[in-house]
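Fit chain B to the supplied structure of chain A, relying on the hints for placement.
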Amino acid sequence: MNPDLLDAAHAWMSAGAEAIALVVIATGLMQTGFYLIQLIYAAFALATRPPVPRSGTLWRRYSEQAPGISVLAPAFNEELSIVESVRSLLALQYPDFEVIVINDGSRDQTLPRLVENFGLREVARYVDEGVEHAPIRGFYASSDIPRLLVVDKENGGKADALNAGINCCRSSLFCAIDADSILESDALLRVVRPFIDEPQLAIAAGGTIRIANGCKVDAGRISEIHLPTNFLALVQIMEYLRAFLMARLALGKMQALTVISGAFGLFKRQRVVEVGGYSHGTVGEDMELVIKLHRHMRDLGLDYRIHFIAEPVCWTECPDDVRVLSRQRARWQRGALECFVKHKDMALNPRYGRIGIVGFGQILLVDVVGPLVEVLGYILVPLLWGLGFLALPWLLAFLAVTFTLGVFVSIATLVLEEIQLRRFTKARELAALALVAVVENFGYRQLSNYWRLQGWWQFLRKQQGWGTMTRKGFRTS
Amino acid sequence: MERARGVEAQVATRLTIELAELMRGSDRARMLAAADALGVPELLKKQTCSRSAQDRLFALETLALFANYTDVVERALEDRSPDIRLGAALALASREDGPNPIDIVRKLRIGEVENSLLLVSLMSDLAERDPVAVHAMLFEDSVPEPAKVAIIDALADRGHTHAPLLASIAKEGASDPELRPRILRALGRTAHPSGAAAIEAGLASEDWRVRTAAAEAAGRTALSQLAGKLGMLLSDGQWWVRFRSGEALLRLGKPGLGVLQRAAEGPEGHARKAAIALLAERAAA
Chain A
1 MNPDLLDAAH AWMSAGAEAI ALVVIATGLM QTGFYLIQLI YAAFALATRP
51 PVPRSGTLWR RYSEQAPGIS VLAPAFNEEL SIVESVRSLL ALQYPDFEVI
101 VINDGSRDQT LPRLVENFGL REVARYVDEG VEHAPIRGFY ASSDIPRLLV
151 VDKENGGKAD ALNAGINCCR SSLFCAIDAD SILESDALLR VVRPFIDEPQ
201 LAIAAGGTIR IANGCKVDAG RISEIHLPTN FLALVQIMEY LRAFLMARLA
251 LGKMQALTVI SGAFGLFKRQ RVVEVGGYSH GTVGEDMELV IKLHRHMRDL
301 GLDYRIHFIA EPVCWTECPD DVRVLSRQRA RWQRGALECF VKHKDMALNP
351 RYGRIGIVGF GQILLVDVVG PLVEVLGYIL VPLLWGLGFL ALPWLLAFLA
401 VTFTLGVFVS IATLVLEEIQ LRRFTKAREL AALALVAVVE NFGYRQLSNY
451 WRLQGWWQFL RKQQGWGTMT RKGFRTS
Chain B
1 MERARGVEAQ VATRLTIELA ELMRGSDRAR MLAAADALGV PELLKKQTCS
51 RSAQDRLFAL ETLALFANYT DVVERALEDR SPDIRLGAAL ALASREDGPN
101 PIDIVRKLRI GEVENSLLLV SLMSDLAERD PVAVHAMLFE DSVPEPAKVA
151 IIDALADRGH THAPLLASIA KEGASDPELR PRILRALGRT AHPSGAAAIE
201 AGLASEDWRV RTAAAEAAGR TALSQLAGKL GMLLSDGQWW VRFRSGEALL
251 RLGKPGLGVL QRAAEGPEGH ARKAAIALLA ERAAA
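Sequence order for the protein chains is A and B.
Numbering-wise (our numbering), the first sequence opens with residue 1 and increments by one.
Numbering-wise (our numbering), the second sequence opens with residue 1 and increments by one.
Bound conformation, chain A alone:
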């Protein structure tokens, strides 16, 4: 073969390889840059957060003025934990609240257990029809427990159950939770704060979710906080720290929050009804609701606030086996893509201000492009270097962006947590998490990106459904 032709082909291949590496590195740098900005905002948000009165003071101050809250707890096949969960919810510290458990067509003994344990009987209830949901079969209540209402409906999924709860609630605010999560007893008192401080502006607020794996639960409350021993659960603690303490806190401060976790969020009912409630046919219904609220308020030209508050804590059990975790991550990825595509006209659209530029910019960079480019980098950059099409500095730059900066962001989040919140009381726990922050970059991170690619694939194939989340139940004393 003509050597000139070979040289030209090699030069062309090298240029192509460098272009690929450049795209991968630039995307990684943009992501890391965005994370660093978020870290700075999160640090600023924590340093300037309004002073938090003690629980006793909060109670004294809010006892007369706190608006009523309906706590909506959708339940599907939760016969093992539902009674304890409801008891824990009824024991929340808040002056004026009701608990609405929505039995979403459970096929087990969820409803009979509730009826039997709380002495419920069938009652009538005049409910709104503002948002759509599957038909309601009946209402159950007891005059001995006026705060509790159980709604029995045909199965329609979590979003559908929450919509039924929204129609049934008679408070201006509702708090959407997972029935199997555990709320700190003063979580409502703390998360309601924006609705008391800025009643005309606040339309939604989310709080921190923490992982309960490894913790001890007593009478529906976390009695002892421990780190889990399972590696996957440990890694998820770091992921949740980054997601809540860094990303959501920062995006909240920027007024560009695009998601309030389905496990714990407080909303102004009227605004949610105006946007049609939770959407059916998406697995990212919690994210989509927040985006719809942004769009609605921006379209109306009204000033509003969507807050993220670091203090209120909801404990949840995270998956600790690979199969369940992979399904969850693929589903989250699919949910983010569904939301992005459904509201693509908002993306980078100046008409939607910060939410269009920053909020959607984050989804585009981290959720849409992120996993594709990163996996492309893992495969192509070492391969092209091995074949001699890329020089060593390109490979080193890729490794630095992927691993060094990744470890830096995780450790910085941990430092921020320790300076501002100090939730991990033992040095040994901090050391373990610091180790996890390093180790997760080698193996777990790549696996996580693979699951996200599966989510991409499911999205392209328009696959529906949630998959099964197998819960082991909290460790009770």
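Rather than coming from a laboratory, the hints here were simulated on the basis of the structure.
Negatives, chain A to chain B, calculated, CB over 10 Å:
(1) Ile-37
(2) Met-297
(3) Leu-435
Computed, partial: chain A to chain B, Cβ under 8 Å:
(4) Pro-51
(5) Val-52
(6) Gly-56
(7) Thr-57
(8) Gln-65
(9) Arg-125
(10) Tyr-126
(11) Gly-130
(12) Glu-198
Partial list, derived from the structure: chain A residues whose beta carbon lies under 8 Å from chain B:
(13) Pro-50
(14) Pro-53
(15) Arg-61
(16) Glu-64
(17) Val-123
(18) Ala-124
(19) Asp-128
(20) Ile-196
(21) Asp-197
(22) Pro-199
(23) Gln-200
Please read these numbers as outputs of a predicted model, since none were measured by experiment.
Cβ coordinates follow ideal geometry from the N, Cα and C atoms, glycine included.
Leaving out everything else, chain B in the frame of chain A:
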């Protein structure tokens, strides 16, 4: 008693507010005297200058328990943080030696910076201490409307003495449509018949939030002469209006029940559904 130092002083300071909330009367006075002797107020006074808003708020709230530190807490009304300013105002509100209510309103910059629902608690405490001054603020042009609405809410909670005044304000109507429902609800809480005309006008409002608040007030005030109008609102396009109207009709007793029973047998879909469900709810209760 010897002055506490170091960690002991910190613990004594933390304990002071916790114990003060559990105690009343002479026990509380003795506990505060002991804390004074340990030097707790001096430590708190230093903390009022802390860079941390959290520490400043704690110090102010605790310091307000002691007799001779009102001036220190009052200075916090000028604090850079609105949360601290409001915290100081709430701590000072019930103190006999606290600043004038109108000075507090001005320093908080109500309506401009401060819009908290806790303003109602503040006004309630101020009205307890100085009802004349709080009453007078309603007629003061310089007092912003959100402050006046907080005053109205607070006065409504203090019983029906202020009902005629609230009725006249409700009749004139607030310029801010967001505030009118609050005025009507406050009027409803007084349950005084002098509000009837304002409530009736509210039932005919174009704003559904005003209609909802007026229906609620009509029920609480037991305005049975409005039963017919409430019955018509059972067909309203807004669920909240239908629900509050039905609830009000149930409160009205016999005349209201009559209207609901007719609606339950009537042809209008919304009204029939609301009436049947609310009557069934009542029967079950």
